[in-house]
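Protein chains in written order, with the numbering used here: chain A, 1 to 328; chain B, 1 to 283; chain C, 1 to 245.
What the hints contain is simulated information worked out from the structure, not anything from laboratory work.
Just to be clear, a hint being listed does not mean it is correct.
[Claimed, not checked] For the chain C half of the interface with chain A, some residues (derived, Cβ under 8 Å), not all of them:
| id | residue |
| --- | --- |
| 1 | Q155 |
| 2 | A187 |
| 3 | A191 |
| 4 | V212 |
Idealized CB from N, CA, C, for every residue including glycine.
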Amino acid sequence: MSERTLLSVRDLSVRFRMRGGGEVAAVTGASFDLAPGECLALVGESGCGKSVLASALLGLLPGNARAAGRARLRTGEGTGAGGCDEDGIDLLGADERTLARTVRGRRVGLVPQSPAAHLTPVRSVRSQLAETVRELTGKRGTELADATLAAAERAAFPADHLDRYPHQLSGGLAQRAATALALVAQAPLLLADEPTTGLDRDLVDRTVDELRRHTDDGHGLLLITHDLAAAERVADRVAVMYAGRIVELAPAESFFRRAGPRHPYARGLLDALPERAFTPIPGMPPELGDLPEGCAFAPRCARATDVCATVPPLRERVACHHPYEGSE
Amino acid sequence: MRIPLLPALSARTVRVRVSVGLVAAVAGAVLLVPLLFPLDEQAVDMANKLHPPSWAHLFGTDDLGRDVLLRSVYGLRVSLLVGVVAALTATVIGTAVGAAAGASGGRVDRLVMRVVDVFSSVPHLLLGIFIVAMFRPGVWPVVISVGLTHWLSTARIVRAEVLSLRSRPYIDAAISGGASRWRVGVRHLLPGVLPQAGLAAVLMVPHAIWHESALSFLGLGLPTHRASLGNMIQDARGTLLAGDWWPTLFPGLFIIVPTLAIAGLAGVWRERINPRRRSELML
Amino acid sequence: MGERTVPGPAAALELRGVTAGYDRRAPVLRDVSLAVGAGEAVGLLGPSGCGKSTLARVSALLHRPYAGTVLLGGEEARGWRHRAPRAQRTAVGVVFQQPRLAADPRLTLAALLAEPLRATGRTDGIPARTAELAEEVGLGPELLGRRPHEVSDGQLQRACLARALVLRPRVLVCDEMTAMLDASTTAALVAVVERYRAGSGAALLAVGHDRVLLDRWCDRTVHYADLVSGAVTPGRRAPADTPAG
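Looking at chain A on its own, in the form it has when it is part of the complex (with noise of 0.2 Å):
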């Protein structure tokens, strides 16, 4: 573990009681660490349980959820040699009340998914920021002014509509609005939770290359989203979820433009885009709650054998136990 990582994960699952008695394996074992300055973008289709892991990051997991494993975020700067485990907060084993005040808004801004929703309809942009402001920082008066206006600014949120009401914005500002409330404390961490769903290309790009900025500026940036033009346009690395695992793990550089995919889910994901082949992969992922014995893909992969029937180990980024060669 790196003293640069920010955040470190390990083997977190999710797992759902159910009402009925089954459980549901939302997340099994995910791991990666994220660095300051870095974009990792977590892709999967819709259900793969990549929001669920965000979720069980924030300690926004409903109550018949259990989270296991680690997720350690360093807090302390330059107390140098434990590196993370020594100076960190453990987000799965935090109470409540730890995380409400200390982790949430302050150590880790969340991008949220509408800002349109995510925005008080009845109060104008520059009140819902003062109000965080005051909150996260204990600012008052003019000094409060000040640190809005700040605020604003960081996320090019233009001054001049500060008062305008969220219906008044476009998309584009609503989205601006949102992502100025999630940088006021400045959290080293910023997660944005499918941020694009919806917006027009134009905005997508737009949104996406603000979020890079953010991330130049220093944040650590786990990007949600099934969209994977926007992944390619911001990540530094791209984590691909399926069935509750990540079951690759690659720089986006070779992910996406030299070597490509080595699991053979993340290459039919890819390949199925319109600027590529277009071509779905065959089936539908399984049920959380159903599913087959070793690797999940197995069912719909034309490259399946044998061993294909126990659990492939995610092994040079990759966890298939028949990957497409990577020519790094």
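Since chain A is already given, all that's left is putting chains B and C on it; use the hints.
Below, chains B and C without anything else, positioned relative to chain A:
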């Protein structure tokens, strides 16, 4: 994929259980007490008048020596009967009017809703008094009076729900699939508003009980010799001034407790049908 | 752009000078014309909120325009919503953006899929037709018994597409059909549409905001801005009447 949550044993669960328990107790009392104590609830016993609560008469006796517990139970029977039938009547009228207005839209909708506004602008107790005054005292005039004056809010609720459902893409899809007006109404709109209408009906039962009591208290409801909760409180006014509290208190409690229990159940129902309160997680 | 040139009388779907919206004083569409030839696939590209969805609903006779005409197979639309003759209404199949809103939450997927058959009285052979279409869109029998909240967005959208195809429409209107879906499901649904079109010769109007997708999918892609010929003149508005219902 959506995963329904397991309900935790929360304050809500406790509320559900208390409400269910109370409603069950009320239903039990109303059904069983007359079977177990087949006394003549009208029996006058001047020798035993105005006895305070005792083991012989748990709720005491009234100024004519009648058992207050027994009369309260019989009164509750009548009140519940009136409440349930009147609430159903009002709900059927309200749902029909509201659904017709919402589904028709345009001029029909505007006209119907203005009529509703006009009715709403008249205090409904006054209107109710006017209606019962046209009949001889009895159970059915009270039912008609309460039913005819209480459908307005249901009509508004149902109309709003129909209007909101009507603009859903699934209605568009049904029309595009060749569904007739009737089919869209009966297969898609009506099932969608029934939970709301049902909730309105349940919430109206306590309201109707109070209304019956108010009419009886004013001497316009049931014949004065019938044991109805309103009549009992009316009869006991004089004794209350003399310091004999039990003939007033117990019928009063018999109005309050069932209405609270029903309202509690309705509240739970409302949470169940309101999607925002449904605890579901979307993966 | 030459999109306003009127093709031959065989155009499967044609909009002429359509002005429509939800407020007469501020229509969302102003004097829009568009033609989709028989068997042609046209992509309509535009930013969100520009009125594309209104155009899709007008094309499917689900929204009454203030002015202009819609022609299906050269025949003028004779009404809107319930007032449209059933044969015209069912000649256009529609798929909407959000499957959750487009599916009656009380119906199982099998009932949802067969709903147009029941609505039009074609109850013979419902099981066979349902099974055939379910297989075509990739829904297994175990999914058909579920209700919308028990399946994923992608699975529900498959059922909604099957519903749109069940009456074998001559025109298919897909309004942002894949905006909520992942790449693989998108490709799968587009493949279903294209197989249907290849077998039936149906025309397609695919509305969306993803140029790459529409360019790949359709014979030609038109930009929404190019359909609008200019501001509507007050004299051309339709006479006032009760809103379509």
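Okay, the hints, checked on the actual structure:
1. For the restraint placing Q155 (chain C) at the interface with chain A, the shortest Cβ-Cβ distance is roughly 7 Å, inside the 8 Å limit, so the hint holds.
2. For A187 (chain C), the shortest C-beta to C-beta distance to chain A is roughly 4 Å, which falls under 8 Å, so the interface hint holds.
3. A distance limit of 8 Å between C-beta atoms decides the matter here; for A191 (chain C) the minimum to chain A is near 6 Å, and the interface restraint holds.
4. Hint on V212 (chain C) holds. Least Cβ distance to chain A is approximately 5 Å, under the 8 Å limit.
Going through the hint list in order, the structure satisfies each hint without exception.
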